[in-house]
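Engineer: One letter stands for each residue in the lines below.
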Amino acid sequence: MKQAGNTRHSKGDFLFKLIAAACTAILLLVMAGIMFQLVRYSTLSLQQFGFGFLTSEAWNPVTGDYGAASSILGTLVSTAIAMLLAVPTSFFIALLLAELAPPAVSKVTGYAIELLAAIPSIIYGMWGLFVFAPFMADRVQPFLGKHLSFLPLFHGPPMGIGMLTAGIILALMILPFISAVMRDVFTMVPAVVKEAGYGVGGSTWEVTRYVTMPYGFAGILGASFLGLGRALGETMAVTFVIGNKHAISVSLFAAGNTIASTLANEFAEASEPLYVSSLVELGLILFAITLIIQIISHFWLSKIRDAVGAGL
Amino acid sequence: MIHRSSKQRNFLNLVTQVVAAFGALLGIFFLGWIVFEVLKRGGAALSWSFFTQLPPPPGVESGGVANAIVGTLGITGLATVMSVPLGILAGTYLSELGRETALATCARFAANSLVGIPSIIVGLFVYASLVAPMGGFSGYAGAVSLAIIMLPVVATTAESMLNLVPNELRESAIALGAPRWKVTLQIVFRAAKAGILTGIILSVARVSGETAPLLFTALNSPYWPNTFTMPTANLTVTIFNFAMSPYEHWQQIAWGASLLIMAAVLALTVTARVVFRESRR
Chain U
12 MKQAGNTRHS KGDFLFKLIA AACTAILLLV MAGIMFQLVR YSTLSLQQFG FGFLTSEAWN
72 PVTGDYGAAS SILGTLVSTA IAMLLAVPTS FFIALLLAEL APPAVSKVTG YAIELLAAIP
132 SIIYGMWGLF VFAPFMADRV QPFLGKHLSF LPLFHGPPMG IGMLTAGIIL ALMILPFISA
192 VMRDVFTMVP AVVKEAGYGV GGSTWEVTRY VTMPYGFAGI LGASFLGLGR ALGETMAVTF
252 VIGNKHAISV SLFAAGNTIA STLANEFAEA SEPLYVSSLV ELGLILFAIT LIIQIISHFW
312 LSKIRDAVGA GL
Chain D
4 MIHRSSKQRN FLNLVTQVVA AFGALLGIFF LGWIVFEVLK RGGAALSWSF FTQLPPPPGV
64 ESGGVANAIV GTLGITGLAT VMSVPLGILA GTYLSELGRE TALATCARFA ANSLVGIPSI
124 IVGLFVYASL VAPMGGFSGY AGAVSLAIIM LPVVATTAES MLNLVPNELR ESAIALGAPR
184 WKVTLQIVFR AAKAGILTGI ILSVARVSGE TAPLLFTALN SPYWPNTFTM PTANLTVTIF
244 NFAMSPYEHW QQIAWGASLL IMAAVLALTV TARVVFRESR R
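From first to last, the protein sequence lines stand for chains U and D.
Offset between the first sequence (1-based) and our numbering: plus 11.
Offset between the second sequence (1-based) and our numbering: plus 3.
A couple of the hints might just be wrong.
[As the list claims (entries may be wrong)] Distance condition first, Cα-Cα at most 20 angstroms in a straight line; then the derived EDC-like pairs of lysine to aspartate or glutamate: (1) LYS205/U to GLU217/U; (2) LYS28/U to GLU174/D; (3) LYS118/U to GLU281/D; (4) LYS10/D to GLU217/U.
[What the hints assert, rightly or not] Restraint ranges, calculated between C-beta atoms of paired labels, are given here: (5) THR198/U to VAL63/D: 51 to 59 angstroms; (6) PHE25/D to PRO284/U: 46 to 54 angstroms; (7) PHE161/U to THR232/D: 58 to 66 angstroms; (8) VAL50/U to LYS43/D: 45 to 53 angstroms; (9) LYS196/D to PHE146/U: 44 to 52 angstroms.
[Said to hold, decoys possible] Partial list, derived from the structure: chain D residues whose beta carbon lies under 10 angstroms from chain U: (10) PHE54; (11) GLN56; (12) LEU92; (13) THR104; (14) VAL118; (15) TRP184; (16) LEU271.
If you are wondering where the hints come from, they were derived from the structure by calculation, not from laboratory data.
In this text, a Cβ means the ideal position worked out from N, Cα and C, and glycines have one as well.
Take these sequences, add in the hints, and give me the full structure.
Structural biologist: Next up, the structure:
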């Protein structure tokens, strides 16, 4: 900011602005650096396997043959389970926090949900491996196997660890994020709009279903995508409970793997250049997917913010 | 809209309320279950030697994680020292100095994207940029990876907290003839202090439980962290390694370490909340 006749100030201001701009540029450099390094390290694997990498089920460090199919599918399946469980639950939790509960209840509940988000991934992993997986093996999986055995999804021995357990724990982990954003979306819908709904005699559910939901639809989608991005990249909790097996199975009781769990398990020990490169290519795939989802989520959330900011 | 009798409508509304209450109780139930198990199993592992001794070899029924506690404190502290000044200055640029510039727009996009990137990808990046070129895992690399995770969080919170500072404050300081940098450092920062501090504490809470980015950067070590140029002991990777081991005593130590991490993270989260609430009075 240069002011006429005030050169005494302009030097300090220029320097300050320069330093701040340099710090800002670091954010860009890191982002560009991540892309550059991921692509650079994947080159070997990209040249060797091409697009076949995405569809190949092979994963054999001895023969040097790698494919991403089981990791990608495992990531998608565990995330799908998590989303199926977490999105509806979060919707109703957000509804409770924003509309239904008295302020005191809403505050305490909101606080608890926030703490659920603060618990680190590795704690979910410990609890999942030593507490929840045995519970699944003893109670939930035998029950599902008995009553839903007509579905191939619930076949196989109840081992506790596996795709289903990983999906449930993921659901638990993304639930607080989705609920928090959805709650914000609900409270962002202008009170006059809701009051108009109540004014014509709507019940809470009717106002939610026919007024709040259509009004905040973009925000609800954005919140869900935020949770989706988190679930796809979640690493430690999944690594603890998924069983880490490069195999594709119809049964959700079976052990599997995800991109993140494969990286967590194998990267530090990989020494063969092609092995390292294949793992980094997995990382590149994960990076690309989460980046796109992040952008979509921001697009929708800013859409609802703009709509609210612009008034009715 | 479907036409329903008032009885049906009231019933539907009741169902909504019950489902919502059930969902919230489910969340609280799982929170309680996790905290309870960590307290119970972790509490059983705590002892004097747990805080003072090195990890035991398999089969030895003693030892602790003293080196990992020191390592985690060091790595997290170093990451904080690296990321906080950079993050606050970046936030200042985004909010005060270059709000509408192309640099700010791009950096805002980069920061938002970085927040959502899986932390294990950051680990891969630091491996490729530091560990591989320098020829080995190191505590410094671990600290850099945590700093990269903190940086966008600190920058974006700083930006939004500085945005909350009323313009009149800046205008009156400038009217008194203060240069812009002085206005920012001495007036605007002071007004936004509590908010920025909250952001810093929350970002420390977030990274102190991080494991994935340390797996291929700091790795782990059974020794004291005398230097950060070597693989450095830390609590979270210790939990991972010990939990996956077949030895019951190691698994018990992993529970103890989990208790430490959970207590630290929850304490930081609550502190951040208190700081923020106090500032609003």
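Engineer: Look at each hint and say if it fits the structure.
Structural biologist: Hint check:
Of the supplied pair hints, the one linking LYS205/U and GLU217/U holds, its CA atoms being roughly 10 angstroms apart against a limit of 20 angstroms. With a C-alpha separation of about 18 angstroms, the suggested pairing of LYS28/U with GLU174/D holds against the 20 angstroms cut-off. The straight-line distance between the Cα atoms of LYS118/U and GLU281/D is roughly 17 angstroms, inside the 20 angstroms bound, and the hint therefore holds. Restraint check: the Cα-Cα separation between LYS10/D and GLU217/U comes to about 14 angstroms, which is no more than 20 angstroms; the hinted pair holds.
At roughly 56 angstroms, the beta-carbon separation of THR198/U and VAL63/D lies within the given 51 to 59 angstroms, and the hint holds. Checked against the hint of 46 to 54 angstroms, the pair PHE25/D and PRO284/U passes, with Cβ atoms roughly 53 angstroms apart. Take PHE161/U and THR232/D: their Cβ atoms lie about 59 angstroms apart, and the range 58 to 66 angstroms holds. Hint check: VAL50/U to LYS43/D, Cβ distance near 47 angstroms, so the stated range 45 to 53 angstroms holds.
For LYS196/D and PHE146/U, the hinted distance range of 44 to 52 angstroms is satisfied, since their beta carbons lie about 46 angstroms from each other. For PHE54/D, the interface hint is violated, the least distance from its beta-carbon to any beta-carbon of chain U being 19 angstroms, above 10 angstroms. A cut of 10 angstroms between beta carbons decides the hint on GLN56/D: the least distance to chain U is about 21 angstroms, and the hint is violated. At its closest, the beta carbon of LEU92/D sits 4 angstroms from a beta carbon of chain U; the interface hint therefore holds under the 10 angstroms criterion.
Among the interface hints, the one on THR104/D holds; its C-beta lies about 8 angstroms from the nearest C-beta in chain U, closer than the 10 angstroms criterion. Look at VAL118/D: its Cβ gets to within about 8 angstroms of chain U, closer than 10 angstroms, so that hint holds up. For TRP184/D, the shortest C-beta to C-beta distance to chain U is roughly 4 angstroms, which falls under 10 angstroms, so the interface hint holds. At its closest, the beta carbon of LEU271/D sits 8 angstroms from a beta carbon of chain U; the interface hint therefore holds under the 10 angstroms criterion.
The structure is inconsistent with the numbered hints 10, 11, although it conforms to all the rest.
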